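Peer 1: Sequence:
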Amino acid sequence: MQNNNPKQLPVAIVGAGPIGLLTALGLASQGVRCVVYEDDRHLSLDTKAGTILSRTLEIFRRYGVADEVLAKALRVDEIGEIDRQTQRSTFPVLLSEIGAETRYPFVINLPQQDLEPILAQSLARHPLVELKLGHRLECYEDHGDHVSLHLHTAEGEIRAEAVFLLACDGGRSTVRAQMGVVVEGMSLNTKYALVDLVVDLDTENPRDYPYLAYFADPKEWMILVRHPHCWRFLYPMAEGAPEPTAEELRDKSLSFIGDVSNVQLLNKVTYNVHHRVAQEWRRGRVFLMGDAAHLITPMWALGLNTGALDASNLPWRLAWYLRGWADIAVLDGYEREQRPLAIHGSGEMAEAARQSMAKRGDAGALSDNNWSNACTRTMLGVTLDVEGNGEWSMVVRETRPPACAGARLPDYLLHTPEGRQARAHDLCSGRFTALYFSDVRRRPAIPVNGSPALRHWVVSRYDAPHDSGLRDRSLLDPGNALMSRLGVAPNTLVLVRPDEYIAAIVPMDGTLNQAAALYERIVGLPPVMEKPL
43 MQNNNPKQLP VAIVGAGPIG LLTALGLASQ GVRCVVYEDD RHLSLDTKAG TILSRTLEIF
103 RRYGVADEVL AKALRVDEIG EIDRQTQRST FPVLLSEIGA ETRYPFVINL PQQDLEPILA
163 QSLARHPLVE LKLGHRLECY EDHGDHVSLH LHTAEGEIRA EAVFLLACDG GRSTVRAQMG
223 VVVEGMSLNT KYALVDLVVD LDTENPRDYP YLAYFADPKE WMILVRHPHC WRFLYPMAEG
283 APEPTAEELR DKSLSFIGDV SNVQLLNKVT YNVHHRVAQE WRRGRVFLMG DAAHLITPMW
343 ALGLNTGALD ASNLPWRLAW YLRGWADIAV LDGYEREQRP LAIHGSGEMA EAARQSMAKR
403 GDAGALSDNN WSNACTRTML GVTLDVEGNG EWSMVVRETR PPACAGARLP DYLLHTPEGR
463 QARAHDLCSG RFTALYFSDV RRRPAIPVNG SPALRHWVVS RYDAPHDSGL RDRSLLDPGN
523 ALMSRLGVAP NTLVLVRPDE YIAAIVPMDG TLNQAAALYE RIVGLPPVME KPL
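Just so we're on the same page, this note's numbering is the position in the sequence shown counted from 1, plus 42.
Treat the hints loosely; a few may be bogus.
Unchecked claim - Distance condition first, Cα-Cα at most 30 Å in a straight line; then the derived DSS-like pairs of lysine-lysine: (1) LYS174 <-> LYS114; (2) LYS233 <-> LYS261; (3) LYS294 <-> LYS174; (4) LYS310 <-> LYS174; (5) LYS294 <-> LYS233; (6) LYS294 <-> LYS261; (7) LYS261 <-> LYS90; (8) LYS233 <-> LYS310; (9) LYS294 <-> LYS310; (10) LYS49 <-> LYS174; (11) LYS114 <-> LYS294; (12) LYS90 <-> LYS294; (13) LYS114 <-> LYS310; (14) LYS114 <-> LYS261; (15) LYS90 <-> LYS174; (16) LYS310 <-> LYS261; (17) LYS114 <-> LYS90.
Because the hints were derived from the structure by calculation, they are not lab data. Source: prediction; values computed, not measured.
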């Protein structure tokens, strides 16, 4: 196979926010060298997004940083919906309902200024990644086979070369401006206030609010978030109101929950709200990601977490192409799959959330069952347009719907040949994986594993006999639990992508090259084989 990076240039990432750092971790996990350039001399200290959803935690796990993030965060198993006037719970989303679906049946609260150092520290330990602070991108040149970057530093102007340039440089993206890409959408007239207060609502001023609670009210709604060391209040300000003082923000925040004692203002910020999406996300060797591609209202934690989906989709594609494992057309799938989510998915969900909070609509309960709401609100229900036919979704309407191409593979519990318990994502992440749901006693035709790009497993409720010849590539699925969850018939092949989304579901045809043919249809080249010793 041809190496599509003959000069072995790194991938350049501009912007060391959470999406830039996460993208670097994703590339490094695939063995791709990258350099992250950040204008500031330190990571952001701004008070920003603070709730991380289950799907993002799964991405963190795949990139090797989930445990470190969880150790610093506060886990939340209930998303509260509360009527502000009565203080009564109206339609709580209980995340324990999705316990079989994911190893993370909760969301977490962690301020962005606490998240970024964790990601950066993980990068610092990785030999394939460099983080260069105090490097401001002035302009770039796309030469067709590589990109040149002109950067300003304290020591003067420098030039760097990269095989690709990924713009993670925020809503005022320098890269996007040079591309000349138009941003479409709107900016709301209303500003939001975000206030962090140190106050004891557990014992001194006891409240029984969920750690993530949405207070709905036609006049004044509010979001309450319990962070590890403080409580965060987020609410809209009166249109046209002057910039409030710190004391006014503190008093306004407390008006939602009543009198308390011993309050300390920790952080405050007011900001404008947008729903704006770039018309194009790629030109040549330059890609837009995160806020550079889409500015989304941070309702229902859709801002940062939508960007995390970008950081999940693009790295494996770049890795496959750079290794010579895929045709360059594999890169086209990034924009095709992610842009509709930002325009119609996250944006419409954010607007529905605003309407629900202001009691101007019926969007609080997306479905009449808790499982579907939990899947939707944690982004586990995102379905991508993997086949290019316009079929995608961010909302789950029914309980445990049958799987389809583009759906995320449920992270069910399985059992390996060695007798270990393993989640499905442990066995499928980072490469293409063919799951053959079949009766292993009947000796189905399952290829021997010989490719680092594509692995094969037969999944059966029967343990593979030791003389079957299939023991080394068999998974035990007691009671056909995963097969039933997927809603597939016996003798079905499910091909899973490196990002844990299902690429294809087809009946097994009894041949050994079926999965390889599906793989080649997707990436444009046959699976590379390991060289014999």
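Peer 1: Determine for every hint whether it applies to the structure shown.
Peer 2: Checked hints:
no., hint, verdict
1, LYS174 <-> LYS114, "holds (25 Å)"
2, LYS233 <-> LYS261, "holds (15 Å)"
3, LYS294 <-> LYS174, "violated (40 Å)"
4, LYS310 <-> LYS174, "holds (29 Å)"
5, LYS294 <-> LYS233, "holds (15 Å)"
6, LYS294 <-> LYS261, "holds (13 Å)"
7, LYS261 <-> LYS90, "holds (25 Å)"
8, LYS233 <-> LYS310, "holds (13 Å)"
9, LYS294 <-> LYS310, "holds (12 Å)"
10, LYS49 <-> LYS174, "holds (21 Å)"
11, LYS114 <-> LYS294, "holds (29 Å)"
12, LYS90 <-> LYS294, "holds (19 Å)"
13, LYS114 <-> LYS310, "holds (21 Å)"
14, LYS114 <-> LYS261, "violated (35 Å)"
15, LYS90 <-> LYS174, "holds (22 Å)"
16, LYS310 <-> LYS261, "holds (22 Å)"
17, LYS114 <-> LYS90, "holds (16 Å)"
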